[in-house]
Structure formats: C-alpha cells, structure tokens
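Participant: Residue numbers (my numbering), protein chains in the order written: chain A, 1 to 135; chain B, 1 to 135; chain C, 1 to 414; chain D, 1 to 414.
If you are wondering where the hints come from, they were derived from the structure by calculation, not from laboratory data.
Bear in mind the structure is a predicted one, so any value in this text is a computation, not a measurement.
Worth double-checking, as some hints may not be accurate.
In silico DSSO-like cross-links for lysine-lysine, where the CA-CA straight-line distance does not exceed 27 Å [claimed, not checked]:
| no. | chain 1 | residue 1 | chain 2 | residue 2 |
| --- | --- | --- | --- | --- |
| 1 | A | Lys46 | A | Lys7 |
| 2 | D | Lys150 | D | Lys189 |
| 3 | D | Lys21 | B | Lys58 |
| 4 | A | Lys7 | C | Lys189 |
| 5 | C | Lys145 | C | Lys189 |
| 6 | B | Lys132 | C | Lys145 |
| 7 | D | Lys407 | A | Lys106 |
| 8 | D | Lys116 | D | Lys80 |
| 9 | B | Lys106 | D | Lys407 |
| 10 | D | Lys50 | D | Lys27 |
| 11 | D | Lys80 | A | Lys106 |
| 12 | B | Lys132 | C | Lys246 |
| 13 | A | Lys60 | C | Lys189 |
This is what each chain is made of:
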Amino acid sequence: MSSDIYKDIILDYYRNPRNFGDLANADVRAKDSNPLCGDIIEMQLKINDGKIDDVRFKGKGCAISQASASMLTEVIKGKSLDDVKAMGKSNVLELMGIDPGPTRIKCALLGLKVVKLAVYGYLGQAITEEVKQLV
Amino acid sequence: MSSDIYKDIILDYYRNPRNFGDLANADVRAKDSNPLCGDIIEMQLKINDGKIDDVRFKGKGCAISQASASMLTEVIKGKSLDDVKAMGKSNVLELMGIDPGPTRIKCALLGLKVVKLAVYGYLGQAITEEVKQLV
Amino acid sequence: MVEKLATINVPRIREDFPILKRRVNGKPLIYFDNAATSQKPIQVIETLDKYYREYNANIHRGIHKLAEEATIAHEEAREKIAKFINANRTEEIVFVRNATEAINLVAYAWGRANIKQGDKIVLTIMEHHSNIVPWQQLANEKGAKLEFIKIDEEGHLRQDEIHELIDERTKIVCITHASNVLGTINSIKEITRAAHRFGALVLVDAAQSVPHMRVDARDLDCDFMAFSGHKMMGPTGIGVLYGKSKHFENMPPFLCGGEMIKEVHTTGASWKDLPYKFEAGTPNIAGAIGLGVAVDYLRNVSMETVHDHEKQITGYALTRMTEIDGLVVYGPKEVTKRVGVISFNLGDIHAHDLASIMDEEGIAIRSGHHCAQPLMEFLNVPAMSRASFYIYNTNEEVDVFINALEKARKLFNP
Amino acid sequence: MVEKLATINVPRIREDFPILKRRVNGKPLIYFDNAATSQKPIQVIETLDKYYREYNANIHRGIHKLAEEATIAHEEAREKIAKFINANRTEEIVFVRNATEAINLVAYAWGRANIKQGDKIVLTIMEHHSNIVPWQQLANEKGAKLEFIKIDEEGHLRQDEIHELIDERTKIVCITHASNVLGTINSIKEITRAAHRFGALVLVDAAQSVPHMRVDARDLDCDFMAFSGHKMMGPTGIGVLYGKSKHFENMPPFLCGGEMIKEVHTTGASWKDLPYKFEAGTPNIAGAIGLGVAVDYLRNVSMETVHDHEKQITGYALTRMTEIDGLVVYGPKEVTKRVGVISFNLGDIHAHDLASIMDEEGIAIRSGHHCAQPLMEFLNVPAMSRASFYIYNTNEEVDVFINALEKARKLFNP
Ligand SMILES: Cc1ncc(COP(=O)(O)O)c(C=O)c1O
Ligand SMILES: Cc1ncc(COP(=O)(O)O)c(C=O)c1O
Numbered sequence: 001m002s003s004d005i006y007k008d009i010i011l012d013y014y015r016n017p018r019n020f021g022d023l024a025n026a027d028v029r030a031k032d033s034n035p036l037c038g039d040i041i042e043m044q045l046k047i048n049d050g051k052i053d054d055v056r057f058k059g060k061g062c063a064i065s066q067a068s069a070s071m072l073t074e075v076i077k078g079k080s081l082d083d084v085k086a087m088g089k090s091n092v093l094e095l096m097g098i099d100p101g102p103t104r105i106k107c108a109l110l111g112l113k114v115v116k117l118a119v120y121g122y123l124g125q126a127i128t129e130e131v132k133q134l135v
Numbered sequence: 001m002s003s004d005i006y007k008d009i010i011l012d013y014y015r016n017p018r019n020f021g022d023l024a025n026a027d028v029r030a031k032d033s034n035p036l037c038g039d040i041i042e043m044q045l046k047i048n049d050g051k052i053d054d055v056r057f058k059g060k061g062c063a064i065s066q067a068s069a070s071m072l073t074e075v076i077k078g079k080s081l082d083d084v085k086a087m088g089k090s091n092v093l094e095l096m097g098i099d100p101g102p103t104r105i106k107c108a109l110l111g112l113k114v115v116k117l118a119v120y121g122y123l124g125q126a127i128t129e130e131v132k133q134l135v
Numbered sequence: 001m002v003e004k005l006a007t008i009n010v011p012r013i014r015e016d017f018p019i020l021k022r023r024v025n026g027k028p029l030i031y032f033d034n035a036a037t038s039q040k041p042i043q044v045i046e047t048l049d050k051y052y053r054e055y056n057a058n059i060h061r062g063i064h065k066l067a068e069e070a071t072i073a074h075e076e077a078r079e080k081i082a083k084f085i086n087a088n089r090t091e092e093i094v095f096v097r098n099a100t101e102a103i104n105l106v107a108y109a110w111g112r113a114n115i116k117q118g119d120k121i122v123l124t125i126m127e128h129h130s131n132i133v134p135w136q137q138l139a140n141e142k143g144a145k146l147e148f149i150k151i152d153e154e155g156h157l158r159q160d161e162i163h164e165l166i167d168e169r170t171k172i173v174c175i176t177h178a179s180n181v182l183g184t185i186n187s188i189k190e191i192t193r194a195a196h197r198f199g200a201l202v203l204v205d206a207a208q209s210v211p212h213m214r215v216d217a218r219d220l221d222c223d224f225m226a227f228s229g230h231k232m233m234g235p236t237g238i239g240v241l242y243g244k245s246k247h248f249e250n251m252p253p254f255l256c257g258g259e260m261i262k263e264v265h266t267t268g269a270s271w272k273d274l275p276y277k278f279e280a281g282t283p284n285i286a287g288a289i290g291l292g293v294a295v296d297y298l299r300n301v302s303m304e305t306v307h308d309h310e311k312q313i314t315g316y317a318l319t320r321m322t323e324i325d326g327l328v329v330y331g332p333k334e335v336t337k338r339v340g341v342i343s344f345n346l347g348d349i350h351a352h353d354l355a356s357i358m359d360e361e362g363i364a365i366r367s368g369h370h371c372a373q374p375l376m377e378f379l380n381v382p383a384m385s386r387a388s389f390y391i392y393n394t395n396e397e398v399d400v401f402i403n404a405l406e407k408a409r410k411l412f413n414p
Numbered sequence: 001m002v003e004k005l006a007t008i009n010v011p012r013i014r015e016d017f018p019i020l021k022r023r024v025n026g027k028p029l030i031y032f033d034n035a036a037t038s039q040k041p042i043q044v045i046e047t048l049d050k051y052y053r054e055y056n057a058n059i060h061r062g063i064h065k066l067a068e069e070a071t072i073a074h075e076e077a078r079e080k081i082a083k084f085i086n087a088n089r090t091e092e093i094v095f096v097r098n099a100t101e102a103i104n105l106v107a108y109a110w111g112r113a114n115i116k117q118g119d120k121i122v123l124t125i126m127e128h129h130s131n132i133v134p135w136q137q138l139a140n141e142k143g144a145k146l147e148f149i150k151i152d153e154e155g156h157l158r159q160d161e162i163h164e165l166i167d168e169r170t171k172i173v174c175i176t177h178a179s180n181v182l183g184t185i186n187s188i189k190e191i192t193r194a195a196h197r198f199g200a201l202v203l204v205d206a207a208q209s210v211p212h213m214r215v216d217a218r219d220l221d222c223d224f225m226a227f228s229g230h231k232m233m234g235p236t237g238i239g240v241l242y243g244k245s246k247h248f249e250n251m252p253p254f255l256c257g258g259e260m261i262k263e264v265h266t267t268g269a270s271w272k273d274l275p276y277k278f279e280a281g282t283p284n285i286a287g288a289i290g291l292g293v294a295v296d297y298l299r300n301v302s303m304e305t306v307h308d309h310e311k312q313i314t315g316y317a318l319t320r321m322t323e324i325d326g327l328v329v330y331g332p333k334e335v336t337k338r339v340g341v342i343s344f345n346l347g348d349i350h351a352h353d354l355a356s357i358m359d360e361e362g363i364a365i366r367s368g369h370h371c372a373q374p375l376m377e378f379l380n381v382p383a384m385s386r387a388s389f390y391i392y393n394t395n396e397e398v399d400v401f402i403n404a405l406e407k408a409r410k411l412f413n414p
C-alpha cells in the first residue's frame, strides 16, 4: 500500500483502540471537537499525587484523530501533570510516526488538546493560548 | 493645438453661447443634469403649430455640454416636434464635428435629452426609454 | 464566434486548463472538487493578466483613456452575464463577491424592509448554509418563522410539503436550483408558480446550476437568483445577484458609499439608478471582466454540451461505484435528475480519511458536511465524501478514482 | 529579503509596472490617478497567474493538496497584512472587498448593536462618501445624530471643533487618515485620545494612508481601520477591515453563510472564531494572496521611502503649479502635512474639460467631486481636477503635466 499516513500502526489503533471506554472513578473529564472533521474526543483521567494514574478515552471521527488519541493515552499514563503540560505537537507526531500535513494535523492534535483541557481543568488553571491553538 | 475635441468652434460656442438666457413667453421648460460632470442644462421652448418657434437655454458645466446645447438651439429652431423627436446621437455628433468618446458623450447629449424632455412634456407623452438612455 | 461543437472534445478543452498538467504526490492531478470551485481556462487567466498590464483603472468616474477602457470592459461583462441567464435587462445584474453575498444582499435590503412578525420564509432541507443562515438571522430579528421543505428517500423535494408549506403567510421561498450534496435538480418553475400564487417571492440559489446547465431566469420566473463566478471558470471574488428590476427599484440600498450615490449632502443622500445602487465602492473590476470571459467560454462550448458531458460522466461514475463493496451513494438514482455531484460514503471509513487517501493518489475530492449540516442531520450522516465533475473530467479519471476507492476499502478492511 | 534601498531607484521600480510602457493617444502614459487606484507590479500580476495555473482551490474546508496550498497562502497573506499595519493579532484582519465594505461591516454589525436614539456619530467634512453614507443610514434608522468636524482655510481639521463635537454622547468617530481631495494627513492619535476619553470608538478610513506611509494601528490606537487593496498595488476586489479583537468578539456577524459558521441547525447557528466569523462564503482567494505580495513589495521598498518620494514629487509639482496663471490648489501648503494628492482648478476651465485635455496628452488625472460632495459644498467648488502620485511617478512626468496645463490654459483663454 502506498498510503503514507495510514500506516498499519495507525489503522491498528483505529480498529482496536487501546484505553477506550469509561473510567468509573475519574477525577476529571474533558471533551472537545474538531470543527473541520467533526471529530470528537473525550478524555477521563484518574490523577494521584500529581501523576496520571489511569486514563480512558471515547470518541468518534477519523482514523487520525482516534488513533492518535488512543496512542496518547498509553504514553501519558504514569506521567506527571507538568510533563503532560509540556507536551506539544512534536510529541504527537513522533508517537504516530507520520506527518499528516497542515490540514489533518488538527485531527492528530485533538487528543492532546483534550488531555490538556482536562489537566488544566483539574488544576483549576486558565487554558493557555497554546492549548487553544492546538486544534 | 492638438486638442482634438476642443476645436475652435466648440470653444467659441462655449465662450459665446448663442440663444443663452430666458424666453419670456415659453410654452415649456425642461431641465436635467449629467451626474458624471455635474453639468446642468435648462431649455425653454416657444411652440407654435407643431413647430419650435423660439428657444433659449441656460446651463452650467463643461465646454462640451454647454457648446453642444447652444449649437442644438440653433438647429432646432423652426423644426417640427416630430423632427426633434427623431433626432439622435448622430445628429449631435455631426453638429459638433467631434467624437468625444464614450465617457464624455453624455456631456454632448445632455442638451438633446433636455430638448426631448421638453417636447415630450409639451405633448403630454411619456418619456421613452431611448430618451432616458441618452445621458 | 466559433461554431458550437456538436460533440465535446475533452482533450482539446483540457489544453485550456493549465492546472490539469499538475502532478500531486507524484500522480497526475485528478480534480473532482468542482462543486467547491472550478478551475480556470487560460482565456480567463490571460484576461486578468492583460487587464493589469494594459488598462487597469478605476471605473465609472474617470475621464481618461484607461478608465474608459476599464469601464467599457466591466459593463460588457455585465451584458454578457445578462444574456447568459436571459435576464430582461442588463441592470438586473448586480456584481457581488459570491453567491453568499448575493443572498445576504436580499436578506438585508429586501428582507429588512418586507419581512414582518409572523411572516413565513420557506426553505428546503437541502439548502447550503449560505441560503439558510441569512434567513435565520432575518427571522430572528423580525419574529418571522422559517420552514423547511423536506425530501424523500431519493433526495427529491416532497411534493406534499411544497404545497403545504407555501401558503398565504409565506413572503419568500429560498431554494437551491441544484443541491451541492445530493446533486438533485429542483423544479424551480413549480416553486415559482406555487409561491407567486400567494404573492410570495422566490430566491433561487443557482450556485450549482448556472455553471453546469442552461439557466433561463426569465423562464424560471424567479424573483432573485444568486451565483458565484469562481464555480463557473471565473476568478475568485466575483459573483452575481440577478433580480427583477421591479424588486430592485423598490429596495433600499445595502452597502453604501462611493459609486452608488447620486448626491450626498451632510443631511442625506440619494441613490444612483440600477444596478449601481447596489454596488458600493470600487468593484472587483478584473474579476467581473474575467467572469465575462468565463461566460464566453461556456457559451462557446454551449451549456447543453456541458450538461450532457456531465450527465455522461456522472452516469459512468455511478455505475462503476456500485462495483465497490459497502459504498453508499446519496441523491437521485436517475442521472437526468442530477448535476455532476456524487456524495457517498464507503463502509465506515471516515470521509476525511477517504479524502486523504484520495489525495495521496492525486485525486481532489471534498469531504465533510459540505456546508449543509441541516441536510446531514436530516439524513443522519455525520459526513460524506463528494466527487464533482466539470467539462474537463474524463471517464479515465473516473477509472483511476474507482481503483483508489477500492484500495482504500482494502486498506481499512483488509 | 532584499536590503532596503537607501535612496529610491524609480527607473528600476518602473520596470516592475508593465502598464507604464503603454502609450495613450500616441503619448507615453503618465498615470497620475493613483488615489483612485494604483497600478500593479509584475510580482502581483504573476502571483495571480501562478495561483490560477498551479494551486487554485477553495480554502479552509478542503483536505486535498491544492486546497491545502491555497489555504496556507491565503492565511499567510493575512499575517503579512497584520504585520504591515502592526496589528496585535492576525485575527484582527478581516478580508472584505474594499474599504467601503469594511466601513459598512462596522456600521451594520457594530452600529446596529450599539447605536441608540440620541447617540452621536462624529465625522469630518472631508470624508469620502464611503465614510459618510453608511453612517447616515445607521443614524436615520436609529434616530442618532451625525456631526461633522469642519476644516480651516488650509484644509486642516479645526481643533476647536474636534474638542467641541466629541463629547459624552459620542459613540464613534469616523475619520479619514488622509484626505483623497485635500491630501491632508489627520492626526489620528489626537482623535483617539479625545474619543476614548468619552468611551467612544474611532474608525479610521485609511484608504489613502496605508498605501503611502507607515501606518501603525496599535500606535494610532484606533478601534477599526478600513483600507482597499487596489489602491496599494494589490488586485481589485480585496480590502481589509482591521478591528481590535475585543470589539470583533462582541460583535454579531455581518454576512452569514458558508465558511463563517461553527454549527448550523434548522433552529439556529453558531459562529466560527475570529476572523472567520466575518468572512462568509468563498473569499477572493487570489485577491488576498495578491495583496500579500503587494505588501511584500511595499515593505521591500519601505514605506518611509514611499512617503519620502511622494513628498518630494508633491513638493516639486506644487512649486511648478504656482507658475501657471489662474491655477488654484486646495489643501495644506506644507508638503509634510500631505500625501501625494493635489486637487486644483485652472481658471474657469471645467474640471472635466481639463481631464479630457490631459488625456489627449496621455496624462491620466481625475476630475469631479471625488466622492466628497459635502466637502465640495463646504468649499463651494462644483468640481476639482486631481493629480495623485505613487512611487513610480517622476519629476519629468510632472514637467509634461505642467506643459499640458499651460496648453489648456492657452486653449481656453487665448
Ligand atoms: C479616503 C477614501 N475612503 C474610501 C475610499 C473607498 O475606497 P473603495 O472604493 O476601494 O471602497 C476611497 C477611494 O476612493 C478613498 O479615497
Ligand atoms: C448550493 C450552493 N449555494 C451557495 C454556495 C456558496 O457559494 P460561495 O461560497 O461562492 O458564496 C455554494 C458553494 O459552496 C453552493 O454549493
């Protein structure tokens, strides 16, 4: 197959999303959508001692958005909130191993945006410009 | 002089307008303006037996509009109303001996339009599309 | 004028469109996004070039040579467009930016003066956002009511609803001539008859019809018609509002300023005659002239030929698309009832993923809600992919497209 | 980026403007009608050409390559313009057709929501119709009052009136940055200070300033600013409304339809973020990209150089015009207080006759009321001729112009 951005790993995460579903005892939830694609992602986090103890996501939308969100859940588990706040576009692209191009990048970054919304919400901090600009 | 449309005769009529002024016992008056230049022409006609017995004009504006109106007054004197109604763009251009080009043509035709407005007014007839389109 | 082509010579036409030589991701560009915007023939591109190199000037008020030439060219374009849609008079053609502005002009200038509390505005569920939101705003402001004519399973307007919803409270019916999603061609004459019986006006959104078929404003008997130049081989930034002069004459102006006034005093102003009353400020001069040349191009091919070619290619594409497992097409089954727009979904592949995969094959299609969210909601489909054709597209391109769809299907359902 | 030119190389610049090679009535074109519209450098013309030949597509919603390229270029143009006028943020730049539409947008969207009966709108007597008529319409609709700051004999705003008319009832002050008739450059900072003291907003009509001098929106502290691309080497059909984002955020949309919505349902709609909320329908994509390149061109020359050159040529022309018997110039005597616009009358030669005679010599000037009838009425002058300069004009052209004026004088007063 020549489809560069639909690598097997992306399609695998899309078809078999890891950490999909609800977290019964979540400390914080956040949800957002990407107006271009209509993608929706919700993140539920369990936080303990400034670290992400557990995470689930739910969502609907294109393969890029769903796979990247799922991949992200695996990576942030165990990370400190500060580390999550420091994550950016490059971390997600690295994770996915593709460059979806300037239009689809919003799909790829939706998961990260929602994680950050959750973290800022949990900390009671104002959403930064940087987070708003992600999608 | 190289000024093609400002021939001596035009400038002469502009500087020394024939039939300029008021007609004490006019049967009909009409007035109109050219929105491009702000030219104004008023025509006063004395009509007898279906013929133009006498005519005066007043006005303000560019040389083309004032000279052409003045030249026109000389030509229509003695003409029947039907003949005046039949006059068109080509008659005026012939009279002036110049082609003022598509923009200034409206200046040249203002006098004719006002004469026609007067004639139609005198006859109690509706203004035709053709007259409206002159300027 | 060149003699009308009896049959269409697509290879010859393709020569006129420089962009079709482009390669995308290493593949020859296959441009199937014509409902979003069309490509431009060299004749139009060179017209813009020549305008700026030889006679660019501000129009109407200027006495010098360049201004004279630019004014004549601009007004000739208006005449060409009036003829193209068979308007009664040239002054029934108002230049705007696009179909959207045209509709807003009517909603503001006619709407604010004529719509009152309790009045009804009838739309259809297949309208583009541009023919919905201006009316929603107007209705909100005035306390008027919007009602939507719905569609049957094939994507045709429901006859019963046409005659039920258009009634004596109806002041205007706003309807698309051809749907940018379903491809449906609506029977406008039936609508104008129904509306005029109650003294209601009809605004036709012709953004998807004027570029693709012969449209006769006088025959349709619509009161207003809106379309965009960029979808019919013209430049971006130019569109047209057609309106019967009796309506235009009674309407107040919309945008105000230079060029549209007769006199301005500190205490008030008066307006120029039609169509200038509705054209404030320096217009898109090059755009209008370019659109005139686009119209020349289309007339030269002949709108019958354009429509025939598109029916042919749409029929071919529809047939071939049935070969693909899990592919669902929306809209009328019969090609004669459609323009060359095919919206579809392939299994549960998200429309945007499909568009990305097509892009990798050099194929430009569109995906999403196509500015028709109420229709999407009605059909209960979150998004669709859409292929839309024009005179320069070929069956061979459709074949490449079909192969690419097949590839996508396998990629997602291995 | 090329190093800034220390002194201006006009012959080099003239090479960039193909139209300057044109002959009119057998004479080389002398284009002195820049205040009406400017000519375009080859860089802008070729940008349009390249857009249509290589990456024409509808923007924002498209996923394919062409749409991606067109979207990026369009948004880059916005960034260039934001930088050019030193806006705080890119989303403070809204693309419109021209300065006229920009002003109407504010009068409709901000004005309809904020102006109430008894409120005052303060204008100046030197405004262009585009900055008068939209406010007259608004004032009529709302029962608000317009007041006009008048000018002194030299064409400067009267200080006493500025401070008398702007008061606690004033909701907005609408003022031109540079007069298209008198050439006067108004001191906007003084106005914004006076207005903001009473909580009134300031809209600056920068149609004649942004093309000719450095304009810093943040430094001027104005609330809105309007200008047209076609007067600053850009294509026709594209203009800009700048607005402080706090105002834009609180304003309802103006034109409604595709591209400016977040969600549409049959029952209502919500809006996209800035600046898209104000950009309905397919924009003038090529126009915006072309304007971005025009801005590159101007920055490359540097706005200081542009302004200096125009001061020089205006000073030269003013001096030489005093040689002509019976020639009256309007506006400030001091060149430092003007842009390169000279309005004048020659004896009792009608302005249109003068323009026609100039045209026969290949010289393009403008004549008439210059869309400023209230100013004409105030000065009690029925019409004026106007010569206006840009970066590509020369003293030698001024010499030809002076000779032609002398000829005209002799023709009419032999
Ligand atoms: C001072 C001023 N304001 C506004 C305008 C209107 O510009 P446009 O016609 O491009 O909308 C002009 C140009 O004629 C102008 O000179
Ligand atoms: C049916 C229909 N109406 C209106 C529009 C709006 O056209 P524009 O964006 O050129 O204003 C479109 C194009 O997207 C359309 O397809």
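Participant: Against this structure, judge whether each hint is valid.
Facilitator: How the hints compare with the structure:
| no. | hint | in the structure |
| --- | --- | --- |
| 1 | A/Lys46 <-> A/Lys7 | violated (31 Å) |
| 2 | D/Lys150 <-> D/Lys189 | holds (18 Å) |
| 3 | D/Lys21 <-> B/Lys58 | violated (44 Å) |
| 4 | A/Lys7 <-> C/Lys189 | violated (52 Å) |
| 5 | C/Lys145 <-> C/Lys189 | holds (24 Å) |
| 6 | B/Lys132 <-> C/Lys145 | violated (42 Å) |
| 7 | D/Lys407 <-> A/Lys106 | violated (67 Å) |
| 8 | D/Lys116 <-> D/Lys80 | violated (37 Å) |
| 9 | B/Lys106 <-> D/Lys407 | holds (25 Å) |
| 10 | D/Lys50 <-> D/Lys27 | violated (32 Å) |
| 11 | D/Lys80 <-> A/Lys106 | holds (23 Å) |
| 12 | B/Lys132 <-> C/Lys246 | holds (17 Å) |
| 13 | A/Lys60 <-> C/Lys189 | violated (42 Å) |
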